[in-house]
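S.K.: Letter by letter, the chains look like this.
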Amino acid sequence: MHIGKPAHVVVKEGDHVDIGTLIAEQNGPISSPIYSSISGTVTKIRRTLMATGDLILAITVRSDKKETVDPSIAPPAINSAEDLIEAIRACGLVGLGGAGFPTYVKFKVDFSKIDALIINGAECEPYITSDTHTMTKKSDDMAYAFAAIEKYFGIKKIIIGIENNKKEAIESMRLLAKNDPCIEVRVLPSLYPQGGEKVLVYHTTGKVIPAGKLPSDVGCIVCNCTTVAAIGNYLQTGMPLVRKCVTVAGGAVKEPCNVIAPIGTEFSELFKACGGFVCDPEKITYGGPMMGLSVPDCSFQILKNTNAILALDKKEARLPKTTPCIRCGNCTSHCPFGLNPANIALALDQKDTQRLKALRVDVCMECGCCSYICPANRPLVQKNKLAKMLLREESAKEAAKK
Amino acid sequence: MTSNPRISISPHIHSGKTTQSIMLDVLIALAPTAIAGTVIFGLRSLAVIATCLVCCILFESLFNIAVKKEQTVGDLSAAVTGLLLALNLPANIPLWQAAVGSFFAIVIVKCLFGGIGCNFVNPAITARVFMLVSFGAMTVQSFPKKTMDAISSATSDTVSMSTPLPSLQSGYEPDLLDLFLGQKGGAIGEVCILALLLGGIYLIARRVITWHMPVCYISAVFALTFLLGGFDARFALASVLSGGLFLGAIFMATDYVTSPSTAWGKVVFALGAALITVLIRFYGTYPEGVSFAILFMNIITPYIDSFTARKIFGGGKA
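These protein sequences, in sequence, are chains X and B.
Residue 122 in my numbering sits at position 122 of the first sequence, with consecutive numbering throughout.
Residue 287 in my numbering sits at position 287 of the second sequence, with consecutive numbering throughout.
Bound-form chain X, shown alone (with noise of 0.2 Å):
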C-alpha cells in the first residue's frame, strides 16, 4: 500500500467491518494506517501476490453492499500544525501520484525553511489524466486544504505546476488562485517526466535538487494535486482514504474513462466499468505505459497509490527489434538528467562498478525515455535498473566487510 513498513493488521477473520474503520495500523515511523474500503465480513487474512510483485498479507472483505459507515467518522479538530500532521497521519493518506511516500512525513520539516508547497498537476506519465480529474472536479476540497496548510503551517507561497494540454484544469486551478494570493498556477509545457518531482521543481522554481536529497533541502515542498485534495475531504468528513480515482485505459479498453473506485477493487471490474474489452489486450499494465508493471492476468488490485491501469492492444505494445546501437546520441539528450545511457550500458556489461559510478546511474529516476527514444530499440532503462542493483549490492558487501 506505500513505501516503508507494511502496516499491522488489526482486525481478525470473522470480523464485521464498515466504510472507514481501521483494519490495519501504522508499523514505525514511516508506514501508514489501512481503512476498510466497504462495508462487509472480513473472510480471508493472507499472504498475496500484489501487482507490484510484493507478496504481502492482504485482507480480504466480502461486501454486504450496504455501504455502511463507520459510525466513529467524524471531522477532525485542527487547532495547531501538530493536529493538522496528526490528521494527515491519521487518514492513512500517502503520495496518491504514484509514489506512495507516507504523505505527513513530507510535512514535517521545519517550516521556516520552506520557501514553497509545489503541487504536482503535471500527469505523471502518458494515459494517466486522474490528476486532472482531481483538479477539475476537487478543487473545493484542494481550496479547503489549501487554506488549512497556509494557515497551519505557515505556508506564503502555493505554486501549481499544469501542463498546458490541461486547459479545463488550468482554468479550475486558476480560479482558486483568484481567491488566494498564496496560490500561483505555473502552465508547464507537456512532456515527459514533466511530473517527475526533480524536473517539476526546476521547472516550477528554477531550483536543482542534488542528487540523493529531497525537495525540503532546497527550501520546497512537493504534494501530488490528488493527495492535497483528500487532505481537504478528510479535514471536512472526517473520511479516511478509502476510495482512489484510477485511469483506465488503453487501446483494448471499451469506453476508457478515470474511475473513482474502492481501494482494493480488482482490475477486471475496473474494465467491466469502462465496457470491457474490444480486442484481447496484449499487455496489461499497473501504472503508466513509462514506468509502470506488465502483470499476467486481471486478477489484481488497486492499491492507495494507484493511478491508472491499461490494457494496451496490439498496436500500442509494439516493440520493434533490438539492433546494434548506432551512437545517434538521443538517449542522453532525451534523459532529463542528462546521463548517458548507452555509456552506462556498456559499463554494465563489463561489470565495471567504477565506471558505473563516474558515470553517475545512480541519479538515474528509471523515467524510461532512453529506451523509448533508442532508434535500436536498446534495453536501456532495464540496464540502468540493472547497473543500480549492482551497485547496490556491492556497497553492501562493502559494508558488510566493516
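The set of hints was computed from the structure by calculation and includes no laboratory data.
Possibly wrong hints are sitting among the right ones.
Unchecked claim - Across the chosen pairs, the derived CB separations fall in these ranges: (1) B:Thr210 - X:Asp349: 40 to 50 Å; (2) X:Glu394 - B:Asn4: 31 to 41 Å; (3) X:Glu394 - B:Ser21: 53 to 63 Å; (4) B:Ile201 - X:Asp349: 33 to 43 Å; (5) B:Tyr303 - X:Ile260: 53 to 63 Å; (6) B:Cys118 - X:Asp217: 41 to 51 Å; (7) X:Glu394 - B:Gln71: 32 to 42 Å; (8) X:Ser395 - B:Ile35: 51 to 61 Å; (9) B:Cys118 - X:Asn165: 37 to 47 Å; (10) X:Asn164 - B:Ile35: 40 to 50 Å; (11) B:Pro302 - X:Ala396: 30 to 40 Å; (12) B:Gly114 - X:Val9: 49 to 59 Å.
Predicted model, so just to flag it, every value in this text is computed and none were measured.
Glycine included, every Cβ here is placed at the ideal spot set by N, Cα and C.
Model the placement of chain B on the given structure of chain X, informed by the hints.
M.R.: Relative to chain X, chain B alone:
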C-alpha cells in the same frame, strides 16, 4: 480474455523511430541531390549510383553470410553508404573503380570493425579519400558543358581540376547562382547546393540531425575564408558554395556513428573540421579539404565526446 497478455519490463511503448526509419529519411533527403546530379551530369550518374548502391548492399550481405552474422542490410545503412559514396564520385568514374570503392567502404571500413555502429570513421568518406589517393579519382574531370566553356575562357590551365576551387584561387569569378544550382565541376552529389539544402532542411525537420553541425561547419568555413582570403565576401561565398562542403557538412559530418553526440561536441567537431578544410584549401596540395577534415575529426570524436559530455542534473559530487 482468451490469450495471455505479454509480460515485460517497462517501458511498454516505443517512439516508433528505428534505425531503419532514420536511414530511410536519409535516403529520402539525398534523393533531390541524386536527381539534380543526374540532371546536371547526365545518365552516367545513374550508372555510378546504381553500381555503388548494389555493390554496397551486396558486399554487406555477402560478408554477413560469410561470417555467419545476422543479416543487417534491412536497416538500410548499407544503402545510405552506397548512395553517399556515389554522390561523392565524379559521374565519369570507371564503374569498376566505384565497385572497388564500395568494397572498401563496406567491407574494410564498416564490416571488419563490427558492422553498423562500430566503425570509427565514416565509410563513404574514407572510401572517397582512399579512391582519391589510389586512383586520383577526384581529378578526373566531370563538368557540365557550360562551366567548361566559362573556365576555359577565364583561365587556360585549370580545365583538369575537378572543382571550381583551384580556379577560384587563380582569379576565376564564377556566377554565384551557377554555383548554387550546380553548374560547376565536381562529384555527382556535391554540386547542387539547392538540392543539398532541401535535404538538410528535411533531416532537421524530421529531427534526424540537429542544426549544429551543418550551420557551424559552413559558417565557420565562410568566416575563415573571409579572414584568410583578404576580406573578400564574394570570394568567400564562392568558396563556400564550391567543393564538397555542403554535402560533407549536411550528410557526412552528421553521421551518428562517427561524430559527437552532444550539441557542444558537434560544435567542436564542426569548428575543427572547418579549420582543417580551410587550411587545406589555402595551403595544402589538394584543392579540397572537406573529406580529410571530416576523416580527421572522426578519429578524434571519442575525445570530443568525453570532454563535452552533458553535465548531470543535480549531480555535483560523485
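S.K.: Compare the structure with the hints numbered earlier in the document and write down the numbers of the violated ones, lowest to highest.
M.R.: 1, 3
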